[in-house]
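Residues per chain are reported as follows:
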Amino acid sequence: MTIPESDLDPYTDSSITDPYPLYRSLREAAPVVYLTSHQVHCAARYEEVYSALHRHGTFVSGEGVGLTDTLNRAQKGSSFTSDPPDHAYVRGLVARHLKPRAMADITGYVTSWADRLVKELVAKQSFDAVQDFAVAFPLGVVPDLLGWPEDEGKERLLHWASAGFNAFGPMNDRTRSGLPLLGEMHEFLHRMSQPGNLRAGSWGAELVADAREGKIEDKLLPGLLGDFLAPSMDTSVSALSSMLWLLGTHKEQWQRLRENPSLIPSAFNEIIRIESPLRGFTRYVAEDTELGGAPLPKGSRVLLLFGSANRDERFWDDPETFTIDRPGVAQHVGFGHGIHACVGQALSRLEGQSLLESLIRHVDRIEVGEPTWRLHNTIRGIERLDVTLHG
Amino acid sequence: MKALFYAAGTSPASAFAIGPLASALRAAGHEILVASFEELSAAVTSVGLPSIPVALGHTTESIKAATGTRPAIEYPVRPELEMPYLGHWFGRQGSYVFDDLVEISKLWGADVLIGGSQAHGVEAAAKYLGIPFVRQSWDLFDIHGYEDYLHEELAEQLARISATELPGPALQIDICPPGLNSKAGTFMRWTPHNKQRPIEPWMLRAPDIGRVCLTLGSFRFAFPGAMDRVTSIVERLLDVGVEVVVAIGDDQGKQLRERFPQVRAGWIPLEVILPTCELIIHPAGGLTAVNAINTATPQLILNPFEAFVPTLRRLTDYGCARTLYREEGTPEAIAQVVKEMLGDSSYATKARELAGQAATAPTAVDMVALIEDLVARKVN
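Respectively, the protein sequence lines represent chains A and B.
Sequential numbering of the first sequence, starting at 826, is according to my numbering.
Sequential numbering of the second sequence, starting at 584, is according to my numbering.
Worth flagging that the hints you see were computed from the coordinates, not collected in a lab.
Treat the hints with caution; some may be incorrect.
Simulated restraints on C-beta separations [what the hints assert, rightly or not]:
(1) A:Gly882 with B:Thr650: 53 to 59 Å
(2) A:Pro1152 with B:Ala655: 39 to 45 Å
(3) A:Pro910 with B:Glu621: 43 to 49 Å
(4) A:Gln950 with B:Lys766: 44 to 50 Å
(5) B:Trp850 with A:Gly1216: 54 to 60 Å
(6) B:Glu854 with A:Thr1074: 49 to 55 Å
(7) B:Ala655 with A:Glu853: 55 to 61 Å
The beta carbon of each residue, even a glycine, is placed where N, CA and C say it ideally should be.
Let's have the full structure, built from the sequences with the hints guiding it.
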C-alpha cells in the first residue's frame, strides 16, 4: 500500500477553529496520510490511532511526542516522553498521588470546591465559561495540591501551560511566541525544585524531599513538577468550558442528565470524545513497520489525531451527535490510551464529574452564547463563551 | 461447649470463611472440630483449625458420577443448568457426609453444628441429633431456587427426620456488609482467616505506578484452560501500564513468573496485598469479594453465573464494582474496564464508604454468646 500525500494542514487558523471537516477528509483519504505541509505521517482513524498507542515498543515516545525534532529534544525526560523500562519509574513519581485510592483522599475537598464555585456562579448568573468557570477550577485545585507558594501569583501558569502545549505543534508563530514563556516556566520550576519553596506536606514538597534523599535524580525534578502542572491546565480548561457549551446547546441532553445523574460518568466521557481537548500527539517510529497496512520506515514520525479518532464514523455510530449515554463511550482516546494514557485522568474526571453533580444540584437551565475558539496548535478549546446559569 | 463445623465444597474459601467464628469459639474456651471431604483438610489446617475428614474414599469430584437413579453432575455451562448443579452437587455431598456427621457428633458429644451457605445435609444431621444448627454465610450471595434438586439428593436423610424439606437454621449469621442487601438479621464482620505465607515488604508497599490484583480463586481448578485464560488476561493488563499481581497457587505462580518476569505471582493472602491494590479482578469469588470490601478495594468481577447477578448488582449499583458476565469477559474487555476504573476514582471512594459500612458489623467474638445461648436453650 502506498501512502497518499495530502496538502491539508491541521495547523492553519481555519483548520484550528473548525478542525472536523479536515479530520474527516484525512480519515477518508487513507488509514495513514503523509502531510506534505509538515513532512509527517498522520493517522486520523480510530483503529490506527488506538493501535499505535498500544504498540509503544514500535511507536515510541522517548524521542518526543511533538511535531518538530528541535522541540522534541527540549521536552525529553518527562513521563510522557519516556519509554519502558524508565517510563514506569518516571510515570510512577507523578502517578503516586493520582491513583484512584489517592484520589479518594481528596474527593471531599474537590467536591466541596466544585459546589462552592457553582453556587457562586449561580448567584452571579452571567459569566464567561472560560475565565470564571473552567479556569477557576484547575487553577484553584491543582497548584494547591502541588503546594504552590501562597505569595506566588498563579496567573502565569496558564500562559506557561499554553506555551508548552503549542510547542508540540509546528514551529509556527504560535509556538515561537511562547518560547520566552517556556524559559520563564523552566526558571520557575527550577526555583520550586529547591527545598522550602513548595508548601510542606504537599505533593510537590514530597518529590523535592525524595530528590534530597537521593530517591529521585535531581535533574528529573523540574520536569516532574511541570508534569503535574502544565497538562492539568489547558486540557481541563478546554473540557470544562466545552461541558457548559455542549450542555447549554443540547438542552434535551441536559434535562436527561438532571433526571438521571447516574449518567454523569458517561456524559463526561462524551464531552471528552466529541470535543477532545488534546488534538493529538506524535510518535517516533523506532523500526520499519506498518500501520493500517501502510509501510512506515524507521525514523519517521506519525501524528496521531485523537480528536479525529474520536469522531471516526468507522468506529462510532453517528459520531457528530452529542449523546450522553452513548454505548461504549469510555473507549474514546481523548486521554490517550495504553501505557502513556493521561496519568491525571482520574483527577480530571473527579473535577468534571464533581462539577456536573453540582450543576445538577443547583441549576435548572444553562443558557449559552456563541463561543469563540482558541487559536492553538495542540489544544482544541473555547476562548470565550457567555453563560447564564438559571438556578 | 463442642461445636462441629462442616466445610462443604472444594474451595479453600469454605474453610477460610468459617475461620473467624471457629477461632472465636475456641478462644472463648469452647472446643471445635471441622469436618470436610478429605481434599479440604489441608485448607482447614492451613488456617490453624482441627480437621476431621468425612466421606472417606470419596471426593467432591468422584461423587459427581451417575449412580443408580442419580444423574451425573455436569459443570453448568449454561445459566439454566446452574440451579440443578448447585442442588445436586451440594445435596449429594450432604448425602455422603450425613452419617459421618451424626456419628462424630455422638462420639465426640457435639452441642452444635455449624455450616456455610451451601453446606447441606448438616442441618438435617442437627435435627436428627436434636441439637442446634447455625448457618454462617460463606460469601455475599443469597441463592435460592435449587431446593428441589437438593431435596431430591437428600431424600433418604429427609425421611430420617420425617421431613419433606430441609429445616432452617436456629441462627443465621450473615457476613454481607449491613445495608448492602435488604435483609435484616445477624451480621458478622468477616475478619481475615486466609492461608498465610511469609510476608515480604513489597506486599505492603503500594507501587507508585499502581497495582492491580488478578485471581481466579478456586475457579482455577474448575477449568482445564484456566492458565491460558490467566496468561491472556495478564498480557492485556501489562499494556495498561500498572504492576500486575496474580494471587494464585505457588506452582502456577512460578509458571507465570517464568513467562512474565515483571509479574508478581503466587500464593498471597488477599488481606495483605489488597490494601496496596487499586483494584482486584476475580471470577465472582464470594469470599474474595468480602476481602475486597473489607480492604476498600474496587472490584472487576468476571461473573460466570446467572445466580450471582442479583447480589453483584448490589455492588455495581453501590458504585464500587463493575462486572463482565460470562463471555463478555474477554481479555480485551477486561483491560478496557480496568483502564476505565483506574481513570475514575469514584469506585475507590465508594469502596471506602462500603468498607466503613462493613466495619460497623460486630466480629465473630460477639457471635459466641449467641451460640452459647442456643446451646443452653437446646434450640433445634
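Against the structure, the hints:
A beta carbon spacing of about 56 Å between A:Gly882 and B:Thr650 agrees with the range 53 to 59 Å that was offered as a hint. Separation of A:Pro1152 from B:Ala655 is about 41 Å and conforms to the stated range, judged on CB atoms against 39 to 45 Å. Roughly 47 Å separates the CB atoms of A:Pro910 and B:Glu621, a value that falls within the hinted 43 to 49 Å. Between A:Gln950 and B:Lys766 the Cβ separation comes to about 49 Å, which falls inside the hinted range of 44 to 50 Å.
The hinted window of 54 to 60 Å between B:Trp850 and A:Gly1216 holds, with their beta carbons roughly 57 Å apart. A C-beta distance of roughly 50 Å is found between B:Glu854 and A:Thr1074, which places it inside the suggested range of 49 to 55 Å. B:Ala655 and A:Glu853 have their C-beta atoms about 59 Å apart, which keeps the hinted 55 to 61 Å range intact.
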